[in-house]
Structure formats: structure tokens, C-alpha cells
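Q: Dock chains X, D and U with the ligands against chain F, hints included.
Residue numbers (our numbering), protein chains in the order written: chain F, 1 to 325; chain X, 326 to 650; chain D, 651 to 984; chain U, 985 to 1318.
Among the hints, erroneous ones may be present.
Said to hold, decoys possible - Within a straight-line C-alpha distance of at most 25 Å, the following computed PhoX-like cross-link-like pairs (lysine-lysine) qualify:
no., chain 1, residue 1, chain 2, residue 2
1, U, K1248, U, K1264
2, U, K1173, F, K39
3, U, K1173, D, K789
4, F, K157, F, K193
5, X, K649, F, K279
6, X, K518, X, K545
7, X, K371, D, K909
Said to hold, decoys possible - One-sided and incomplete, this derived list gives chain X residues near chain F with beta-carbon spacing under 8 Å:
no., residue
8, V414
9, N417
10, N431
11, R447
12, F451
13, A595
14, Y608
15, P612
16, V613
These are computed hints drawn from the structure, not numbers from a lab. Where a beta carbon is used, it is the ideal one built from N, C-alpha and C, also for glycine.
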Amino acid sequence: MATSTYLEAINQALFEEMERDESVFLLGEDIGIYGGAFKVTKGLYKAFGGDRVIDTPISESAIIGSAIGAAITGLRPVAEMQFADFITVGFNQLVANAATLYYRHNIPVPMVVRAPSGGGIRGGPFHSRNPEAWFFHQPGLKIVAPATARDAKGLLKSSIRDNNPVIYFEHKYLYRRVKEELPKEEIVVPLGKANISREGDDVTVITYGAMVFECLDAAKKLFEEHDISAQVIDLRTLQPLDMELILQSVQKTSRVVIVHEASLSGGIGAEIAARISEKAFEYLDAPVKRIASLDTPTPFSPILENEFMPNAEKIYNAILEIMKF
Amino acid sequence: MATSTYLEAINQALFEEMERDESVFLLGEDIGIYGGAFKVTKGLYKAFGGDRVIDTPISESAIIGSAIGAAITGLRPVAEMQFADFITVGFNQLVANAATLYYRHNIPVPMVVRAPSGGGIRGGPFHSRNPEAWFFHQPGLKIVAPATARDAKGLLKSSIRDNNPVIYFEHKYLYRRVKEELPKEEIVVPLGKANISREGDDVTVITYGAMVFECLDAAKKLFEEHDISAQVIDLRTLQPLDMELILQSVQKTSRVVIVHEASLSGGIGAEIAARISEKAFEYLDAPVKRIASLDTPTPFSPILENEFMPNAEKIYNAILEIMKF
Amino acid sequence: MSESSGNIEDPVKIELFRLVLKTRMTEDRIIALYRQGKIVGGVYTGRGVEATTVASALALEKKDYLFPIHRDLGAHLAKGQTILNILLQYLGKGNNLTKGKESGIHFSDRSLNIIGNISHLGAMIPVAVGVALSLKLQKQNSVALNFIGEGGSNIGDFHEGLNFAAVQQLPFVLIIENNQYAYSTPVEKEYRARYLSDRAKGYGIPGYHIDGTDAIKVYQTVKEAVERARSGKGPALIECKSFRMVGHSAHDDAFYVDKELRKKYEKKDPLIKLEKYLLKNNILDHDSVDRIRQEIAEKIEDATEKAIESPLPDPEWAYGAIYASNSDRMAYGD
Amino acid sequence: MSESSGNIEDPVKIELFRLVLKTRMTEDRIIALYRQGKIVGGVYTGRGVEATTVASALALEKKDYLFPIHRDLGAHLAKGQTILNILLQYLGKGNNLTKGKESGIHFSDRSLNIIGNISHLGAMIPVAVGVALSLKLQKQNSVALNFIGEGGSNIGDFHEGLNFAAVQQLPFVLIIENNQYAYSTPVEKEYRARYLSDRAKGYGIPGYHIDGTDAIKVYQTVKEAVERARSGKGPALIECKSFRMVGHSAHDDAFYVDKELRKKYEKKDPLIKLEKYLLKNNILDHDSVDRIRQEIAEKIEDATEKAIESPLPDPEWAYGAIYASNSDRMAYGD
Ligand SMILES: Cc1ncc(C[n+]2csc(CCOP(=O)(O)OP(=O)(O)O)c2C)c(N)n1
Ligand SMILES: Cc1ncc(C[n+]2csc(CCOP(=O)(O)OP(=O)(O)O)c2C)c(N)n1
Ligand SMILES: [Mg+2]
Ligand SMILES: [Mg+2]
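The shape of chain F in the complex, shown without the other chains (with noise of 0.2 Å):
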């Protein structure tokens, strides 16, 4: 067991993987050398060689098409956009193109995206965002977002071995301020399957990604200060979602909040609080309550972007709230 930093559990992960398969490679901007704007791919250059760990002009259409292209001619792209918010530049190759060939053409697109996401780091509107909801509504893709560094790496490993394309938010506050210790063995966390943070039995919380910190604080305070018991539920994968266990948790506590770190309206939380509404209609004691950033653009003022954000505080008022329904 050593200690690891969520960032170094996802440098983990592709080294990893880049050794145990050869058809694994890497491309995107400042990845090589420098080691990537936030340093996850530093030392790989070094120990693969610049044929697989490439260096791309800044040309992120570019870079997610020719990831399908190397794709569905036996490599394994790993693509890394520098910031989420740029994915937007490349959103054609993955939402016409990446999402579809399978089902258009019975062509496998066996790459990933990942996609450094999140806010709280004060890289205001455009440095901030969390886009996962767009992709949610493509059919073809899936999506997944880790919260501990365990999760990073054992769900990187996977996306890495699926099939299709994958889009990988890693959350930039987590990068450096989560670290657990990992184990020696190798570690692969199945997509599509959610993860059970902190049992309870009087309402249930569905969230992902840095939100998941959030609202286990929110969770332990409220049953210091009120014995109300929440079970957090971290998705780990949004697409598929792990229905099943979010059924099950329902059924138990009938009382849902749902929280992300998205804008609220036509987050994945609409989508869960719909299928929850509709597939456990009868067990719900109260309204399913969503907790999301603002529906306005990340501000870059910390103050401004303190009450754009969900927080432990306002998760533990729309708890309350719902507890008291």
C-alpha cells in the first residue's frame, strides 16, 4: 500500500495500462514532455516514447477524430483535452461520429476521452465547466467520473478496455486534495456500476464526482446534529447509469436529493429524478430534490462562484428540508 493522489492514481492507471497493451497510446496538447497542463501524464513520455504519448497542435476536433480514426483500426487512444470546457471545439467527432459508427455501421470505437472538469478552482467561465449532460443525451457514449483515487484508476483502467468511446471527467479540485492509500494489486472498477459511500436508511443522496465529499459532510452532520441517516450513493459512471442500485435505495429511504456540480437545468439529475419519479413513484415519501450549480456560466470572482456552487451547507438545508416533507 502507498499513498496516492487521485491525479497520480490516473498517471497510475495509464502507465498501467500502457504497458499491459501495446495498442494504448496517448494524444493531446503539452502531454508529452511537459507532462500536461496539470502534469497526469508526466513520465510517460518519458517511458513510452513520443509514438505514444503524441503531442498534438491545439486542434481538439482534430484530436478526437483521429483518436477514432487510430480507434477502429486496432489502437487504443487515450485523448486528453486540456480542460473539459474545450471538448465543446470537438463535439462533432464525438456526438456524430464516435457515438454512432457502432450502432451506424456494427464499427467498435474503442477509445477514451478524458476531460479535466470542474470548478472551484477559480478558472471562471471557461475553465470550470462540467459538461457531462450533453454527451448523456448522445446514445453511443459512455461517461464516467470518479471521486476517490481508487475509482480514477480502476475506472480509467476500464474505460481504457471498453470497447467504445468513453469520456472521462477527471475533476480538477480533486487532482491534488484526495489521496488514499492503493493497494499493490491491480485495480479495475467496472463501468456502470455505483458505488454505496456512506450506508443509511432515511434518504437517499445521489451524486458524483467532488460533490460526493460535499455531501458526505452534509451527511455527517446531519446525523450528529439530527440522527437523520442519509445513504450517499457516488454513480462513478453516469452512462450507463447504475439504475438497479438507485432503485434499491429508494425503495429503502424513500426520500431522494440528487446533487451536481453542472447547472440544474438538463443536468443528469433531471434525467434521474424523471426515472425515479416514474420507476418508484409509489415508494416516495417526499419530492425528489435536485441541489446543481446556478443555470448561469461559472463566475470567476470567488465569492461569486462560492454561491454559484452546491456546498456541504446548502446539501444539508435541501436534506432538511426534504426530511421534514
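A: Here is chains X, D and U with the ligands on its own, set in the frame of chain F:
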């Protein structure tokens, strides 16, 4: 009064607005002499000349981007996407640039992007899209989707006069199939107001675009065969959503079916269902049911496309199911 | 006909003719079926650009990758696609290569290393570049070739793809089919460069501007670029100038087309030109031409009959998988 | 210094010097504030490219539109922006031009016809082209000028925007700040063209490749291009070659930069070069230089003090409107 098709109504709105306001101009592919792929802009080049009806190169990002530039310097551009599907190429300009300028820099962006959307025309995966949900998850855009000729005309006028970026989804299937008598007087339909297309007390059916007619057919049959009275709401504007009208109706009927042609998961129906479940929880006698296209690309062969899309029969069955709940 | 056509062997010239003719005749049949209401969706034909599409694809080896676009039926045929598969596609039949899920010309064929396009113009360029990258990384000595219209050449992906290919010196050849119209839009509203091949310099790669109605010239130029790419010397951009002799699609009467230009290019019909050349140089005689025509006609008859009789898809197939499983046969070339 | 600098008047040369110096000194202060932990977010400075950014913007008239990007503080200053407004922005203060909603260098100023950038490189090019279109349609006789890095010049929007501007012959000038690195990436991994200005030919517009460390040369070339554009002759592409003398941002030590190249360009420091030229040619004497420096230093002191004292935004402003109302003051230039 004269009979106008849905398509002619759009053409009239463009003509009248260009006459009324010199700052309105059009840009897009083949919209000049040719009058656009669907002939929506027919006659406008002749009437207003090449400076106000600009044929562009095939460059969706430049079309949308330059519309933004024109909009912030005193003009009111109306950009045409040849098919709504191709809006993904200019996605970044819409979500990162147009949508955020007002919040960030206090600069209004009065522009319209017209996007011929929708299936049922054997267009296959790339000429059948209903991409509205992506834009719904981007604060700062308005989204319009008319079903009738009257609304097509009146909403386009409001869109052009609006001081914000508006995406106007005109449904290709309706272009020549919808015909109405339109009054000689000017029609201006305000953004943000839904319409009750059919009054009813037993169940609320919320929809928009071409699905309005499928819902009306289903409603008619349900009334005739089962004496079920369905209230059909045509949203008309998707952003901002007319939650007031929706909630009023739900409080009356206590049962809801949401229908849209876009794929189910992550569609706008999810957000509406989530809001209803949150805001009208105590009024609901049955789960909110959603009927939408399959979570796949649009298949080409008519047999497959028919299976893929919602229709009156599927809606009829869903309503019956909800009524029996 | 091109001056320098001497170094192309006669059998290749005959094959070029056979394929250009086959393309023309197959498309004529598709148009006839369209007028009979048998085709599902739209039809875009290559009348006038067949020399470009056929000769470019014929310059490839079997292991090379072909990325045809909407007007490139000739390229499909030249790479070995059957008329039957094409017709099944246009008729939306269940036993076609996409099981009815894709439209007319949008289909791939793993056995031929053909990768079908999406509608978004230019979007296949980065994908083809990625294939070229993969071929280079896997040291496969093969090449990826992609087409783009002069209209489509103004989309961002053209720039990003070609630039990346140049930086990486990939085995990639991009053919601009400059048929002088993008739907109704004439070139002066599409770009202002004298030649689109002038763009090559901005990527540091060779650019060629050639007569795209001259099959032999196209073959020669593309062959050279393909072999250059194969030998590791990087990508090339080839602008083939021709003319769209019909409307944008089967429902377009092309009223907007310059009459003079049309007249000029009627004389440059790639099929007639090639036929005349072969006859004049005694590479083929009239009898052989007739025989070739007859053979193709029979194939088309046969394929049409089979295609029409073929079953429609099962409605259940709409629910087809959107995700590959881990047991799926993976890549091209496996 | 440039041979042909003769036709630029001395006061302009002095103004160029004053602005380059002001840029250097302001950025030095911002870096100092950054090291004190007072700045919110990242800091990207223009050390080494000030001649390009300052001279390009100074070549514009007041009514012309400026689109600066992340390294172009010099352009803001040359177009008339105050040091105070810039500092307020970097400190995320509530009384800045974006009310705290936008980061350091991303801000617009209607009163100066400056339109701030979004982070997505190249995305402002089509917008600037649209402004140029609007200026042309409204016959305003003004010009839009946009910057892009040599790295950003490989994004699709560069291609789409420039091509459209060329077709429409718009009053648009695009300056490529080729500082030889895009973050850590050297030019050979970004593009393969000999000169990026070679791309101009592919759009049918003039392209210039000039020394971007030579403020007078830049001023001259840009002025010419701007006046050409103003007179209706269409856009131009100007590549200004310089060198990024610091890391990509304040936290980057630029270990990856070629040592020889750095040495070479230290001798071409745009500020030192311009100062030497002015002194040598007796356009300024040492005393005047000192006085200018002193004046700027005082302004910076003053602005820093005011900026630091300024209030933070009200948390409620996060809920700021995302939609304009119909009573909003609309366009630039109103
Ligand atoms: C991104 C995009 N925009 C618009 C279209 C619609 N469209 C299909 S073909 C076409 C014209 C293409 O012209 P060109 O590239 O010159 O090819 P040609 O049809 O002349 O062979 C257009 C505008 C599209 N398919 N993709
Ligand atoms: C579309 C996009 N991709 C990536 C980035 C991240 N990024 C910001 S600056 C930069 C390097 C820019 O290099 P260049 O264009 O040469 O400008 P310079 O910083 O050298 O002035 C990168 C990659 C971005 N802002 N936008
Ligand atoms: Mg063309
Ligand atoms: Mg640079």
C-alpha cells in the same frame, strides 16, 4: 385571410421583419438565389439583395460566430443551418460565445439560428436530429419550436426582435404538411408562453413540434373510445419554459404524459418531469410518463424509423396506462 | 488527354474506363429507380466527377483505406464494392451492410477497407488522418485516402486534419473534388484562393491542381502521392477540377448553374473523353467497348433484381445495440 | 531596427515606446501581485511580444474594433484601457468591467470598442469577422483586428473565419503572434509550413511575415493592412515572429524552452531594442526615458492602491441576468 403552410409562414416572418427593420439580415448556405435547401428563404434574395441575404461558405462555426459579431455591433442576423444536425459543427460558438456574452460582459447578442430539425422524412442518422436538449443545458440561450403555421410566424418574429440568441427549431416534417389560414394582421407570439392545443381534464399531455399532432390524434381517439379528456399543451418555447401553465394543468389533471421526438434520455422531458415531480408532488396521482424516440441514432429504413419514433398509437397507449394507474 | 499518360499500362486505362462506365451506368439506374419511387431518401450522383473518384480509388492497394463521401460511388466501385451492396443500401433493405440503419451512400465495408462518411462535410478528414496515424504507428505501409468537395474544404476539420497529418508526416492523401459548385453555391462565394491546392503550402505539404475530368492524369497524380505517402514522406493535397454535370441531388434541376460553364464541361465529360482516347489510341475497339457495356448492364440488371427482392429490415432491429461488447470483432484489418 | 521606419513620425515611435514600457511595467506589477497571492486565477504575460500587441492596436483608430487574446495586455493599453481597469479585473473586484464575473484578461470595453476573448483559442476569429461584416454592411469605414497565437492558428475557426472574411472581402486583419511556443509545444509540433503567413494564399489574401519584436515594423505593416482593409480591399494575415520570454503562465518555469533560442531572443527584447533605437536616433534622450518610466510607475502605484482598496462583488451578483431585456442598451457603437 389566406392559406399558408408552415414553411410559407416562416418565409413571411422573415420577409416582414426584414421590411420592418433594416438591421435584420440573413446568412447561411444556399439561402440566396436558391432560396435554401427547403426553399424557406425563397424570394428574399430578390427582394432584399445580396447584402441582406448572404450565401456563406460551408462553415457552420463561421456562420454562427460571425452572426454573433454582427449581433453585438448593431445588426440582427438570422443564420440558417441547412439541417439542424449540422449545428454540432458550430456548437462551441453557441454555447461558449453567444450564450455567455450577456452574463459575462453585459453585451446583448440579438441573433437567431434557424435549424430545420426532426425526423419522419427518411433522412437517416444525420438529417433527422432534434438537438434542443443540448442547448437547454446551456444557460443564456432561448429555444423555440413551433408546431403551427401561426406560431411558426409569430414566434420567429419574436425571436428576431428578442435581444438574446434564440435557436429556432423548425420541423421539416411540418414544412408542407401543416396549412392554416393566417390573418392579414401582424402575428407576434411572445416567447416563453405555452399554448393549450386541446382542453381537457383527465390528463396533461405536454409536447412540442411535430409531436403536437400525434398527441392531438391520440387525444381525439382516447376521447372517442374511452371518454378520456386529455389536455394537450404545446410548449412552443422550450427555453424559457412556461412552468406556470404546466403546473396549472397538472394541478387540474393530476396525471402527466410528456412526449418529444428527441431521444428519451437527457431530453427536455426529463427536466419537465423532474420539475413537475418536485413542484407538484402532492397533486400527482400517477407517475409522470415520458414517450420519446429510442436512445439510438435515427435509423434510415422507414420500418426502423417508424419503430424509433413516437407516434399517436404509442402515445395513446401511454395515456391509457397512466389513466389506469 | 494528358500528355504524360504514357507510363500508365493499358490494362489500367481499360480498367479506369470500365469503372467510370460502371459508375455512370449504376448511377443512371439508381436515378431511374428514384424516379420510380423505389429509393429511400435522397440521391447524389457523381456525373462529371467519376474520373476523379474512380481513378483516385484505383490508385490504392487493397490494404489501403478509402474514405469516400456523398458523390463517390465510383470510388466504392473502384475499391471493389459490388453493385448489389450499393443498391441494397439505396433501397434500405435489411440485408444491406448497415442492416437498414444507414442511408444511400453512407456505409462501410470492413472487407474492403472502406469507411463510410457521416453527413457532416469534412468530419471524416480527422478520422482518416487518425487511420493514417494508426497505420504509421503500426508500421503497416498503407495509406488513407479521403475525398472532400471544394465546398466542404471550407470547414474547420479540413484545416485541423490536414495540419495534424502534415505535422506527423502521415500516409494521408486528400482529394479535393472541385466540381465548381457546392449545392447552389458557385466557387466565388465559397473561397477566394486561385487554387485550393494553394492551401497545401500553409501546411508544408505538396499540393497539386489537376484536371479532374482526366482519369489517367488523376490516376497518375494520386498514385504518385499515395506511393510518396507510403514511403513515409507525408501527406499530399490534390485538387481535381471538374464539374457537377447534374443537380446537387436528384430533385435539383440546377437552374442556377452558369450556362457557359456547363457547355464547356459537357465537352469534357470524363466518360466520353476516356472512351475517345482509348479508341483513338487503339487500346480498345468499338466491339470491346460494347462488350464491356453489355457486361455491366447485365450485372446491373442482376443486382437490381436481387436488391428489389431482398427483404426489408425487421422492425426490432431499430433497438440494435449502441454499445459494442467486449467480445465484438474489433478493428478493421483484424 | 527596420530599414523602412523612416515614414513613421517620431511622436508615434515615442508612443510605441511608452506603451511597450507601460505594458512591461504593468505586467511586472501583476506578477508581483501574483507572487503575493493577491491575484485570482492565472496570469499570462506578453514579455517578448509587446511590440506586436502594442503596435498592432496602436495602428487602429478609435472606431476600429480590437479583439485581444490572452497575452495581449499591451493591445488593451494601446487601445486606451486604463491600468486600473486591468488590475480590478485581475483582482476579481466588484467594480471591474465584468462585475467580477470574468477572469484576468477576459473583458470587453464598449467605450473603447474592445471585445474580450473567450478562452477557446480561435473562437473569436469568426466573431471578429462578423463584426467586420457588420461594419461593411453598415458602411462604417472601420476595421476589426484580431490576434491569434501560432498555436491557436491550428484550430478550425481560424480557417472558417479567415476564408469567410476573404470571400466577403471584409475589413478584417488577423495578427498571428508567433512566439514560437504554444504552452510547452514548439512550432515543429504545431505546424509544418515554413511561414504561417503562407496560409494567406490559400484564402486569396495578402500574407506578411515580419519581425514581431520590431514595434515600428509591426506598426507600419499593420497600419498598411488596416488602411487597405478600410478602403474595401479586404482582409490580411500578418505573422509577427517573436518569442515568449517567460513561461506560458506565471506558474510555468518553461524548462522545455530551447536554450539557444532563448539566448538569441534575449538580444531581441522588444523594449530594449526600441529604447536603443530611440536613443541612438536622438528621438528620445535618457532623461525623457526616465521621465516616461517615472510617470508610468506613478500611474501603476496609484492604480494598484485603488484596485486593492476596491470592493469585492456582492454574492448576489452570481444570480446576474443571463438574458438581456428589451430595454437593454444594445450594440457597441450605440
Ligand atoms: C457541415 C455540413 N454543412 C452542410 C451540409 C449540407 N450539404 C450537403 S452537400 C453540400 C454541398 C457540398 O458541396 P461540395 O463540398 O462542393 O461537394 P459536392 O456536392 O459539390 O460534390 C451541403 C451544403 C453538410 N452535409 N455538412
Ligand atoms: C481550444 C483550446 N484548446 C486549448 C486551450 C488551452 N491553451 C490555452 S493557451 C494555450 C497555448 C496557446 O499557444 P499560442 O496560440 O501559440 O499562444 P501563446 O500562448 O503562445 O501566446 C493552450 C493550449 C485553449 N485555451 N483553447
Ligand atoms: Mg462541389
Ligand atoms: Mg505561441
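Q: State for each hint whether it applies.
A: So, going through the hints one by one against the coordinates:
1. U/K1248 - U/K1264: holds, 22 Å
2. U/K1173 - F/K39: holds, 19 Å
3. U/K1173 - D/K789: holds, 21 Å
4. F/K157 - F/K193: holds, 14 Å
5. X/K649 - F/K279: holds, 16 Å
6. X/K518 - X/K545: holds, 24 Å
7. X/K371 - D/K909: holds, 20 Å
8. V414: holds, 5 Å
9. N417: Check passed: Cβ of X/N417 comes within 4 Å of chain F, closer than 8 Å.
10. N431: At 13 Å from the nearest chain F Cβ, X/N431 fails the 8 Å test, so the hint is violated.
11. R447: violated, 15 Å
12. F451: holds, 7 Å
13. A595: holds, 4 Å
14. Y608: violated, 11 Å
15. P612: holds, 4 Å
16. V613: With a minimum Cβ separation of about 6 Å from chain F (threshold 8 Å), the hint on X/V613 holds.
The earlier numbered hints that this structure contradicts are 10, 11 and 14.
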